[in-house]
Structures are given as structure tokens and as C-alpha cells.
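S.K.: Sequences and hints are given; from them, build the entire structure.
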Amino acid sequence: MRTLIEPRDERSQPARIVPGYPQTPWRNPKQPLVKRKPTLSELTGPLEVAKRVSLLGGDIAGHGDKQAIGQLIHLKVRVRDEDGAPVGGAMVEMWQANGAGRYVHPNDDDHAPPDPNFYGAARLVTDDTGLFELRTVKPGAYPVPTKDGWWRPPHVHFSLFGKVWLSRLVTQMYFPGEPLNAQDRILNAVPDAAARDRLVARFVPPTGTPHDALVFEHQIVLRGRTATPEQS
Amino acid sequence: MVPTGEATIGPFFPPRYVDAGANDLTLLEGRKAKGEAIEIHGRVVQEDGTALENLVLEIWQADALGIFRHPADPRCAQADPDFLGWGRAATDHEGGYVFRTIKPGAPEGRAPHVNFMVMFSGLMRILKTTMYFESQRENDSDPILSSVPAGRKTLLVAKKQSPSSYRFDIRLCGDGETPFFDD
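Line by line, the protein sequences are chains A and B.
Just add 50 to the spot in the first sequence (first one is 1) and you have the working numbering.
Just add 14 to the spot in the second sequence (first one is 1) and you have the working numbering.
Treat the hints as calculated values from the structure; they're not laboratory data.
Hints may contain errors.
Short, incomplete list of chain A residues facing chain B, as computed with Cβ under 8 Å [unchecked claim]:
1. Arg-66
2. Tyr-71
3. Thr-74
4. Lys-80
5. Gln-81
6. Gly-95
7. Leu-97
8. Asp-115
9. Gln-117
10. Ile-119
11. Arg-128
12. Ala-150
13. Tyr-153
14. Asp-158
15. Asp-198
16. Arg-218
Quick reminder that beta carbons are idealized off the backbone N, C-alpha and C, glycines included.
M.R.: Below you can see the structure in the form of C-alpha cells.
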């Protein structure tokens, strides 16, 4: 199995220390990262993660009287490798806030109500064409506890396992046209505008199908010069 | 020193992100992996020494014979069918973590090692490092350990605390900072 690992373009990746994100100077290495020539250890990686953790299906918006509150959306996300080839059989984990901007998490505060019908996480595997699909509600924006006017725009977290350890990716997806995108400290930690654009999904004009959900398409490139930037 | 705010900006990993048993690599679908069962444990701290709770760690390693369960390994067909090589753990309120795993064999040209990955709030990008075992003769010739500046190599070597227990502490930043790799 051939694995091409192109160097990363640092301008397309977020800065590690971010002004106004108070934890970053305490947690990111001060020493230069050590360069290494990949060996078999980095050019292999877990392919059967689903044997260790349980899958949670991609339909997380609920049905009938258990439906989550919010704008119903359908996400179609294609996962590709550095050559542009679709990555099938890849484990994808996602999590997001509910329609009001609240997470199912003990550390999230009471700025917005929980939704008993929304857990907000999925774990699934891409099909042979690298595609995975989610039926969810659009996440709400939320104020960050720095209390200085920073709000996270609506976003969805993704954690992906490619074919090798070097293509493990944790990133976020944003929605087009959101006014908060322009001031978000995490999205804008990526210096290159084209790379930031790769973090934003594409709105698909409604065609009548599905009749009840807005459709967004997105692409995630695990590595290489056109890689989707990391967003932990 | 200025205390770090308790405010969590995220990522708010869902509670089910770290499944029960995901930190035990010695068992796969109820079957026991071959080799020497060991425990790797340690504490994860930030620059001021504060323990970091709910930080997520993942490991990736070869089996007892030094074979990776992946088609890129020429010996993949002989890989232990009951060893996946991957696990995930979260730190507790004292920053502590534990993995139960199999002591890896030496992959060709390498010393026995365990790859680590760190995900946490305030980390804009995942951090990757590699752990080695104390008093392993192959450590001196390992190409990845050799690429680490001399004074920092010992920070990647886990200390043997009992015949089956190794301690590997991770400091994200500051004095005694764990070497991380540019992957």
C-alpha cells in the first residue's frame, strides 16, 4: 500500500498560540517540534477502530415526538486523501452543540437550555466513495466564557481516522454566510484565507428533496497541500 | 503566576467519546492478546504544573512481535488477530491516565515504542509524541529517538515502576516539556 505524505503548508494550519484564547500559551509546546522521517510506525495506523468503540448512527436529529429542536439539516461530507482519492472505510466522529448553542457536557454553562432529544454526537464509517451523511439540527452559536465578546459561530467538530497515523485529523466545519465566522478566534487562527474557506461547508439550494431539511456539502482532505486545516 | 481561567472553550468532547474499556488493548472482542500485559500510566500537566482533566489520549503501537496491524507492514499477515494496537483514554481530575496494553516488540529498525496523541482544549492542533521503554538496548539506535535533541531524549523514556508497570508523564509546555513531533 503506497502512502504519500506531503509536507504540510504551515500557513494553512492554525497558529498554536492565539491572542484572546487564554489557555493556548499554557498548553502548547514552547520548544520547536522535532522533525522526523516517517517510519512504518507512522505510515501505519488503526483501521478497525470500530472494534474498540461503538458506532453511533448519523441520524441524530430524532423522530416523531423525540425530534430535536432546531433547523433540520442534512450534511454530506466527502473524505479524501492527499491525492484527492476518496477514503472509504474511515471512522468519523462528530459532535456539536444543540440548536440553542449548548453541549451535552458537564463543563458547559447555563447560557442556553439543553435539549432532551439531542445528544449531539455520532460515530460512523465512510462508504466506498469516502462519503458520510448526517441528519442533525444546525448548531447554535454560543458565547465563550472569556466574556470579552468572543462567540463561537455555529460549527461541527469532526475527528477522523485516515489510513495511517499521520493522517489522523481533528477539525471543525463552519456554515457559509455566518456573521460570526469573521471574528472567530479559532477559525481565524488559520492565516491563509483559502485554507479557511476549506473549513466552510457549501449550501446546496433546496430542490424539494429532502422537503424538511437544508442540505450542506463539505469536503475534508486529510493531508497534503490542500489539507483541511486542523481545528482542535 | 497568573492562574489559568477555568473557563472551557471546548472542545466539549461528548461523554461517550471515551468508551468504557477503550484504554484496555489487552482484550479485543473478549479475546486476550498475546504477549506481556503491561500498564502505562502517567500524569498530564500544563506549563504551571496544573493537572489537566478530561484530556484525551490515544495510542498506536505494534503487537508483541513488533508487527503493525496494517497492510503496509510486510508482516501484517502474522499480526496477532486479537490485538488492535489502538486505544483511547481520558485523564482524571489529577491529570492521571492509564492504558493496559501489550509490551510491543521491536519493529524492524526500531526500538519498542508506543505512539501517543493528545487532544485538549487550548490545543489548536493535536500533539503527537512517542514513548520508549527504560533499559531497552535498541533505544540507542532508534532513528526517531535519535532525532530528539540529546538533553530531551530521556523525557520520552517511560520509567519501569514494577515488572509490569511503566510511568510516562506528559508536560505540554515549559520546563521538562515533552518532545512533540512535527507530523
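S.K.: Which constraints among the numbered hints does this structure fail? Numbers only, ascending.
M.R.: Hints 8, 9, 10, 11, 12 and 15 not satisfied by this model.
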